[in-house]
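As a plain string of letters, each chain reads:
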Amino acid sequence: MIDSALGDKPKFDVTIIFIYLALVLIGWMSIYSAAPVEQYTSILDFNQVYGKQFYFISLAVLLIIIILAIDVKFYERFAGVIYVVSILSLLGLFVFGKEISGARSWYGLGSMSLQPSEFAKFATALALAKYLSQLDVSIKDIRHFLVASLIVVLPAIIIVPQPDPGSALVYAAFFFAMHREGLSVWFLMLGLIGLAIFLGTVIIGPGWIIMLCAIALIIGFTLSRKRYKKRLAKKPKIWVYAIYLLACSGLALAVNPIYENVFSERHRNRIDIVLGRVEDSQGIQYNIIQSEIAIGSGGWIGKGLRKGTQTQGGFVPEQHTDFIFSAIGEEFGLLGAGSVVVLFMVLIYRLIIMAERQRNQFARIYGYCVAGIFFIHFFVNVGMVLGLLPTVGIPLPFMSYGGSGLWGFTILLFIFVKLDAHRMSYQH
Amino acid sequence: MKKLLLFFFVSLTGVIFLARLIHLQIFSDELKLKSELNAVKTVFDYPERGFIYDRNGKLMVANQTAYDVMVVPREVKEFDTLELCRLLQMDKKDLERQIEKAKNWSWRKPSVVIPQLTQLEYAPLQEKLRKFPGFYTQRRSLRKYLVDHSANVLGYIREVNQSIIDKDNSYEMGDLIGKSGIENQYEKELRGKKGVKRFLRDNFGRPIKSYENGMYDTIPQAGANLTITLDSRLQEYGQQLMQNKRGGIVAIEPKTGEILSLISAPFYDPSITMGRERSKNINALIRDSITRPTYDRGLQAEYSPGSPFKVINALIGLQEGVVDPDDRFYCAHGYNYGGRKKLGCHSHASPLAMERGIAESCNSYFAQVYRRIIESHENSHVGMDVWSNHVKSFGLGNFLGYDLPVGRKGLIPDSDYYNTYVYPSGNWYATTTISNSIGQGEVIATPIQLANMTAAIANRGYFYTPHIVKEIDGKATIDPKYRQKRQTTIDPKYFEPVIEGMNQVYKTGTAASVQIPGIEVCGKTGTAENFMKIDGKTTQLTDHSVFVAFAPKDDPQIAIAVFIENGYWGSRYAAKIASLMIEKHLKGEITRTDLEQWVLNHTLEHEYEKPYSGEPFQINGPPVPLEGPEVYINNDKSLIN
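Chains as they are written, first to last, in the working numbering: chain A, 1 to 428; chain B, 429 to 1069.
If you are wondering where the hints come from, they were derived from the structure by calculation, not from laboratory data.
Warning: the hint list may mix true and false statements.
[Stated by the list, open to error] From the structure, some residues in chain B lie toward chain A, with a derived Cβ separation under 8 Å:
1. F436
2. V438
3. T441
4. L446
5. L449
6. I450
7. S456
8. L459
9. K460
10. K462
11. S463
12. L510
13. P543
14. K556
15. L557
16. K903
The model shown is predicted, which means the values in this text are computed figures rather than measured ones.
Glycine included, C-beta positions come from ideal geometry on N, C-alpha and C.
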């Protein structure tokens, strides 16, 4: 299994490794500070979250060594197997899963628990990359597109009813990889238009939205007519626009029944809060308000490690997991939180650059998957902590407390680091 | 394009997040404030409330330790309900209701199960409460009353309510505040200043550690001790005399304006506003709309002053030069002032000059003096205003400005008043308002106004604003306005003939029966008619018994007004009580024990029941002795603790 490629001296990307280390260490420091403990003990105390995280990090380092040591071809070759194992492990949750705070998302291993959905991400990324990189497969072919979509959507469908809709949302990240391979941006636009109609209907009601859609389509149609008359475009077909309008109206009219019946009270509340439709500082809005207070009180340089009154007082629930960014904001201020944002931006930029420099389509697709997944996590988690997005319980990569998450993200990243290191010699 | 989509999204997201961070962290000051409010727990160190002493240094109000039984629902384990009920001396149902209430309020924060247990009630709990995890006692400082009188003056304290907390941020839930009397008026002085200890706290409100090493902590400042102008002995004595009667006694030291005595009957023991029954007791007091024990009849009750008001008219007549002390006026069992109307009078010698006019309280005399005052000006309106200003200079018809939180203005009419409320046509004359001459009609006053008026007469033309506080923390740092002379509009030289008349009231006139050996009293009796609406019909009730006096004549030490509701003749109740109070104050002991026994053993309760009996009744009947064994003055009250 040791590297076998002839004359292949791996060139590991140092930048990405440094960013990884920086995020992990800042994360661990913040977990240490935000830990819900009565009394600080040794940082290696396995009974405390920071102690556990230390062991998680140690194990992640071990995982990195193993990943980098394995033959680079292994990942592509075994992508299908890994994917199937991953899907089975997700399905197994319905039988063997351990329920923690209402969700059957974990396997219990003694005192530890593993969350297979964290590992399903890299498995799906491998499978998608493997499928799309086949020479006779093109995303533009509708059948191939459907297979690729199935690969992506299957784990998401299994995860939603666990219930863990947040983790399922992450699978939207694969759109970026598919787009890079030729999927029209209109799929994204469609999604965004759908979202806009959905939120618009929730806020101002279906009647107005239908009217706005009609106006937009009439404007669109008129513009197309003009372009046609100037011989710039084909003649617009009025029935196509009529179908658009019908679809928009249908969606708008369906929103309220869906909103009231499909969404649970909890999710409705979360959306309503971000839309400013309800005020409830002690109840459901509490997390967000406390999180904003914590960040806002940080100022330029923060209150210092373990000096944040919000953080030390434990005012932000789940602060060491999903809300870890608020601890950074309070204790390290704009300097610290801004640095983390920039680090994530650089991480994703770097991943895109690395993906683009791959000669091998499998590696490129996989690289885009990795970049997309980190982007979605970063976007949803930090957006939530900053009070810009509804509360969705997904972790901030490398920083939030939790073994499964850290290991899942580490594997995801370092498989790509390994692929990238061999980019000069690695062929299909 | 396809290479840039993710790049674009990452950049956009990053920029939005950075902008949001800058907005939250640099420009949102209120978030920093909120974090302070969140994270810093302020624990108050309560100072001891100031003591209250009487003018002779007798301690009237101190503090005692009381205990609240508290519960933290989260920490409660299964326990023997019956045993706890027995310990706390409460019903199982009540206990369960309290615990339920506590749970609804908070599982982690303590709630009160039983408030204000006294030391005696607490003693048996002390050891045994340990068997009940989640329950504990918390010390509190409460008022301890060393006297059983003066509740109307001292006032009481209660826990603040939300509306007070909203208005004044120095109060917190559970703090105590003076609700009436001196406790209310001198709340700021008495409460002292709370000490503050700040802790960092966690989201359950539990303190973690001292905030900034105690840099912002302060030490509590004890409340100031008050010395009040009341004489506790006089209060105690007067209150006993007022048993079975309703009315007010106000005594003032003319030289200083200090209120020596302020008694309102019916009265209650101030101690009932403390302890576990306090809510029940206070509500009962407030809800009693018939006897109205919380209504201070010395300060708030407005009565027609009756005959004592005549002396004011005599003084004004002299000042205005419309009457000479030697001018005699006829009285034919009253005064005919035109047509068929007649202001009646009782039988006495006639004609009378001023001294005897006052002594005999001749209505006819004062009606004519009053008429001359009003008619000596170009018209009745100008005359009325001149008269009104003279009367008001005695502190009548407006708030006196004393330092107690309740009071009434009374009423001294002027031309505006008649034009607006009584005779809008403007056609009114001295004869139309003739009742003012004898203190009936539109004129009304509170007992403290009458006492103050008497003090002004005793001082021959000036008074000091009556006040209740003598010293704050041992220093005579009272409001300078209480040291300022307030002049009346009457020249001092005109007082002598009037004072002679008042002396004659006591020596040979209407109050001759209440003489005290060795004390020269100047007084004036009053028998004030009064009415009440019963079932919509205005019905006359037994006259109020009124007496104002000062003594001794040449070096006045005390000016007093006594108002006994439905006591009939001024000399029947008010004069007796006033003379006993004067003797108690001047001599310290009572020589006329026959007078004392008479007052103690006569009751007016039957008078107060009449309007509510639903049956027709007679008024102005003979005095009614108290049933049962004879009552004596109890001098051992000062021993209660």
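* So which of those numbered hints doesn't the model satisfy? -> 1, 12, 13, 14, 15, 16
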